[in-house]
Amino acid sequence: MKYDRILIRYGEITLKGRNRNKFVEKLRGSVKAALVSFPRVKIEASRDRMYVILNEENGDEIIPLLKGIFGIYSFSPAVKVEKDIEKMKVAALDLFAKIYKKGQTFKITTKRSDKSFQLNTEELNHLFGAHLLINTPELKVNVKNPDIDLRIEIREDAAYLSCETIYGAGGLPVGSSGKAMLMLSGGIDSPVAGHLAMKRGMGIEAIHFFSPPYTSERSKQKVIDLSKQLAKVSGMLTLHVVPFTEIQEIIRKQVPENYSMTTTRRLMLKIADEIRNRRKGLAIITGESLGQVASQTLESMYAINDVTNTPVLRPLITMDKTEIIKIAKEINTLDISIRPFEDCCTIFVPSSPKTKPKKEKVQFYESFLDFTPFIEKAVNETELIHIKPESQKEEDSFHELF
Amino acid sequence: MIYFDNSATTKPYAEVLDSFFKISNDFFGNPSSLHGLGSQSEKLLSQARIQMANLLNVKPGEIIFTSGGTESNNFAIKGAAFMYKKRGNHLITSSVEHPSVSKAMEQLEELGFEVTYLPVDKNGKVQVEDVERAIRKDTILISVMHVNNEVGTVQPIREVGKLLEKYPNILFHVDAVQGIGKMDLPLKDFGVDMCSISAHKFHGLKGTGALFVREGVGLTPLLSGGEQERNMRSGTENVAGAVAMAKALRMTMEKKEKGIEKMKNVQRGLIDDFGEMEGIIVHTQIESASPHIVNFSVPGIKSEVFIHALEQEHIFVSTTSACSSKKKSPSKTLLAMGVPEPIADSSIRISLSYENTEEEAAAVLNAIKRVVNKLRKVMN
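For the record, the sequence lines run as chains A and B.
Using my numbering, the letters of the first sequence correspond one by one to residues 1 to 402.
Using my numbering, the letters of the second sequence correspond one by one to residues 1001 to 1380.
The shape of chain A in the complex, shown without the other chains (with noise of 0.2 angstroms):
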């Protein structure tokens, strides 16, 4: 017996009340966008539940991207049975012997939305219980704490079996919650930020402030490759490239050294909220944690906040690295996040930033010039690009090669 749909359960959608056919459609669309190379399958969904109904397709490639998909709280590989006892049977015991190793307990989960079935659960209990147990060898029955639940629903339309149940990223539908903007810089922290503002039902675009010659295309492919990575879990992702570097070399004449790196946070995030708004977002994401660099102590949060009152979201603010990387790490931007190349962080740093500027003189500094304009020319030649989980757009020229 194949496995023929998936069911999933939901996550906290459940608790949203009215909002819940959104959350559901959002859901859906989360789902249809990580099988989009699985063309057969289809998607049914209701208020409670959802079903991957697969079609031929592979269950075994779809589970493992069905873990990483926000909204979702379990999910049970199942099988469609005729409401006829003598064929639930044998779907029964062939589902189980898939599973089943010596030695193991079981318990018989039933549950019956179609009360006009001839049999109550507990003698489904029953029935399914002595059937498993005379044809399973050195079988016991564990109610409390069994090694496998075989779950039966009888619904009006069918009987649905299962018996493996899977725990899901947990979660809110990725866009459930609004529209938000990572910066992104190239490093371990902002891919984790966005992926975990994400996993709070975000719809995430993404903001790269690019400085050509002082970094390099690949510090550009790297960003690319990041949100490559995060688009897999949304399905799209918009990567926002602002020309920076010519704001960088007029900080560097304005702007004594051990400030200059407080300047330039503050025109990152006016460039960003400048973005944001444009877009339509309702808040900035970055990937700051408290202390681990100089732009990243209170008190330079505090001066660089100063310029924009959008909610700016910071996800690791209490996290310490080791935890930032074991979580880039399982979301495999790690590796790419390593790659040694410069971004624009990285490249025009003093050599003893301030850790604790004043606001009031940071704004003593940038009051000699006007700013805008050149914040407005970055904004109005910022790069859009759209990126695909796995794009090969970028690699066609390549393509024929491979």
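Keep in mind the hints are simulated off the structure, nothing from the lab.
The structure presented is a predicted model; accordingly, all values stated were derived computationally and were not measured.
Ideal Cβ placement from N, Cα and C applies to all residues, glycine included.
Warning: the hint list may mix true and false statements.
[As the list claims (entries may be wrong)] Listed below are the simulated SDA-like cross-link pairs for lysine to any residue, each with C-alpha atoms no more than 25 angstroms apart in a straight line:
| # | chain 1 | residue 1 | chain 2 | residue 2 |
| --- | --- | --- | --- | --- |
| 1 | A | Lys98 | B | Lys1255 |
| 2 | B | Lys1188 | A | Met236 |
| 3 | A | Lys228 | B | Gly1036 |
| 4 | A | Lys329 | B | Gly1218 |
| 5 | A | Lys270 | A | Tyr100 |
| 6 | B | Lys1059 | A | Met236 |
| 7 | A | Lys228 | A | Arg314 |
| 8 | B | Lys1255 | A | Lys270 |
| 9 | A | Lys228 | B | Glu1215 |
| 10 | A | Lys232 | A | Gln221 |
| 11 | B | Lys1166 | A | Tyr100 |
| 12 | B | Lys1162 | A | Asp147 |
| 13 | B | Lys1103 | B | Val1115 |
| 14 | B | Lys1059 | A | Leu65 |
[Unchecked claim] Some residues of chain A that are not near chain B, with every Cβ distance over 10 angstroms (derived):
| # | residue |
| --- | --- |
| 15 | Gly59 |
| 16 | Glu82 |
| 17 | Val141 |
| 18 | Pro146 |
| 19 | Ala158 |
| 20 | Gln248 |
| 21 | Arg252 |
| 22 | Ala294 |
| 23 | Val312 |
| 24 | Asp335 |
| 25 | Lys356 |
| 26 | Lys377 |
| 27 | Leu401 |
On the provided structure of chain A, position chain B as indicated by the hints.
Structure of chain B alone, referenced to chain A:
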């Protein structure tokens, strides 16, 4: 010309040569260079790595590009032995391995490691019970080939991998140089820690190969230098060769879907017909062998003479493995299988590719019949 010596090497696909030429000509930059030409090369290399990984169902970071099967085998075995020598001193391998495995083992013996060489049964197959019996507390590595290069016997990789689940400290290396593209080898499912492949055995180019090294396994580098390939294999990367290999593997895997049945038919036809011919002993056991090799002996006729006689008919086959055939020593595998030396001495290996046809097989059979008759008259 009929080329039936594909286990020695294969003819590169034209498309593979095109890629190699185009990259060598247009994208010759060093992937480590900072400029654009370098970064294009780097992109090509990383795309080749991704394609290899996808085809082998592993992660891109687990593919190390090498110069071929010999390097991959040496690197896996010596690299692991040096890396884990504090853990133990004992290695296990079979008695029918390719010389790049067995000689590497011998070299390690000279350095103080102990090696157990497992026997094989009459079909050339390693027994899992023997593996289990050979395991000691200080065993650090087991190396078993996937498909034997001389007879074609498929070794019980799945079973050995299963057995090793109980021994997490023992690394499992598989030399898959002959099997790749003909026999499935799900590396992750079979618990393989390292796996060697060589491009010229599947219509790629000589001098290119790869070693799969499972994430978490460390190897002491054999080549020191510029720390390419995750510090594991120094030397400027052969980008054109790596891309050519990735292409060759993709094409081979695609051809396999349709070609494998045809190849099996050709093999079966050859073995059946040899069975009917008087005085021919077939060593390849069809049930336990890869579909691309047929090994047989014509007792009384020296294999070298046989090869040259067939060559006059424009048919190319080989005596045992190409590597040892020049040394005129009888097939190590056949001797290990218990085949008497005079018979092993007259053994011939036919090895197929997806390009070979049943018509070619029929022509070869006829030629063999003629040659056997002619030579028998002369030799007797």
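Against the structure, the hints:
no., hint, result
1, Lys98(A) / Lys1255(B), "32 angstroms, violated"
2, Lys1188(B) / Met236(A), "30 angstroms, violated"
3, Lys228(A) / Gly1036(B), "21 angstroms, holds"
4, Lys329(A) / Gly1218(B), "18 angstroms, holds"
5, Lys270(A) / Tyr100(A), "59 angstroms, violated"
6, Lys1059(B) / Met236(A), "23 angstroms, holds"
7, Lys228(A) / Arg314(A), "22 angstroms, holds"
8, Lys1255(B) / Lys270(A), "56 angstroms, violated"
9, Lys228(A) / Glu1215(B), "22 angstroms, holds"
10, Lys232(A) / Gln221(A), "17 angstroms, holds"
11, Lys1166(B) / Tyr100(A), "20 angstroms, holds"
12, Lys1162(B) / Asp147(A), "22 angstroms, holds"
13, Lys1103(B) / Val1115(B), "11 angstroms, holds"
14, Lys1059(B) / Leu65(A), "15 angstroms, holds"
15, Gly59, "16 angstroms, holds"
16, Glu82, "34 angstroms, holds"
17, Val141, "29 angstroms, holds"
18, Pro146, "24 angstroms, holds"
19, Ala158, "33 angstroms, holds"
20, Gln248, "19 angstroms, holds"
21, Arg252, "22 angstroms, holds"
22, Ala294, "27 angstroms, holds"
23, Val312, "33 angstroms, holds"
24, Asp335, "6 angstroms, violated"
25, Lys356, "36 angstroms, holds"
26, Lys377, "26 angstroms, holds"
27, Leu401, "5 angstroms, violated"
Checked against the numbered hints given earlier, this structure breaks hints 1, 2, 5, 8, 24 and 27; the rest are met.
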